[in-house]
Amino acid sequence: MPITRVRGEADFAGRRGYITVHPSYLLRIPDQKAKRQAYGDFIADLRSIRTLASRPGTAVASPIVGRQKRQRPLRAKASA
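Going by the numbering used here, the first residue of the sequence shown is number 208, and it counts up by one from there.
Don't take each hint at face value.
What the hints assert, rightly or not - FRET-style restraints, in silico, Cβ to Cβ:
id: 1; residue 1: Gly221; residue 2: Lys242; range: 19 to 25 Å
id: 2; residue 1: Pro263; residue 2: Gln239; range: 38 to 44 Å
id: 3; residue 1: Arg257; residue 2: Pro237; range: 16 to 22 Å
id: 4; residue 1: Gln244; residue 2: Glu216; range: 17 to 23 Å
id: 5; residue 1: Lys242; residue 2: Arg222; range: 30 to 36 Å
id: 6; residue 1: Arg243; residue 2: Pro263; range: 34 to 40 Å
id: 7; residue 1: Ser261; residue 2: Met208; range: 16 to 22 Å
id: 8; residue 1: Arg257; residue 2: Leu233; range: 30 to 36 Å
id: 9; residue 1: Asp238; residue 2: Ile210; range: 16 to 22 Å
id: 10; residue 1: Val213; residue 2: Arg262; range: 32 to 38 Å
id: 11; residue 1: Val213; residue 2: Ala260; range: 29 to 35 Å
id: 12; residue 1: Thr258; residue 2: Pro209; range: 22 to 28 Å
id: 13; residue 1: Gln239; residue 2: Arg262; range: 33 to 39 Å
id: 14; residue 1: Arg212; residue 2: Pro237; range: 19 to 25 Å
Calculated directly from the structure, the hints in this document are not laboratory data. In this text, a Cβ means the ideal position worked out from N, Cα and C, and glycines have one as well.
Please build the complete structure, drawing on both the sequences and the hints.
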């Protein structure tokens with residue numbers, strides 16, 4: 208199903224979220240009129256996301272908070 212049909216507020220296992228297009232999608236639209244329309248829709252999505260995030264009781268996820276330390280990959284032991 209295209210993202211443009213399901214975009215908007217969504218529930219992800221009890222957590223509020225928002226579905227929108229990836230910004231690079233806007234760069235790949237060849238038709239300028241369609242690109243302006245998609246950009247305007249994207250800006251409207253960002254405004255809706257800001258409103259959703261500012262609601263009382265809404266936790267805003269940070270990409271840094273809760274990030275676990277990256278572990279080194281396991282090395283294969285050399286056979287003797």
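Evaluated hints:
The supplied range of 19 to 25 Å is broken by Gly221 and Lys242, whose beta-carbon atoms lie about 36 Å from each other. At about 41 Å, the CB distance of Pro263 to Gln239 agrees with the hint of 38 to 44 Å. Between Arg257 and Pro237 the C-beta distance comes to about 30 Å, which lies outside the given range of 16 to 22 Å. Gln244 and Glu216 have their C-beta atoms about 21 Å apart, which keeps the hinted 17 to 23 Å range intact.
Take Lys242 and Arg222: their Cβ atoms lie about 32 Å apart, and the range 30 to 36 Å holds. Under the hint 34 to 40 Å, the C-beta atoms of Arg243 and Pro263, about 35 Å apart, fit the expected range. Separated by about 29 Å at the C-beta atoms, Ser261 and Met208 break the suggested range of 16 to 22 Å. Between Arg257 and Leu233 the beta carbons are some 18 Å apart, a value that contradicts the proposed interval 30 to 36 Å.
Between Asp238 and Ile210 the C-beta distance comes to about 18 Å, which sits within the given range of 16 to 22 Å. Between Val213 and Arg262, the C-beta spacing of about 21 Å breaks the proposed range 32 to 38 Å. Hint check: Val213 to Ala260, Cβ distance near 20 Å, so the stated range 29 to 35 Å is violated. Checked against the hint of 22 to 28 Å, the C-beta distance between Thr258 and Pro209 comes to roughly 24 Å, which is consistent with it.
One distance hint, 33 to 39 Å for the beta-carbon pair Gln239 and Arg262, holds here, with the actual separation near 36 Å. Roughly 21 Å separates the CB atoms of Arg212 and Pro237, a value that falls within the hinted 19 to 25 Å.
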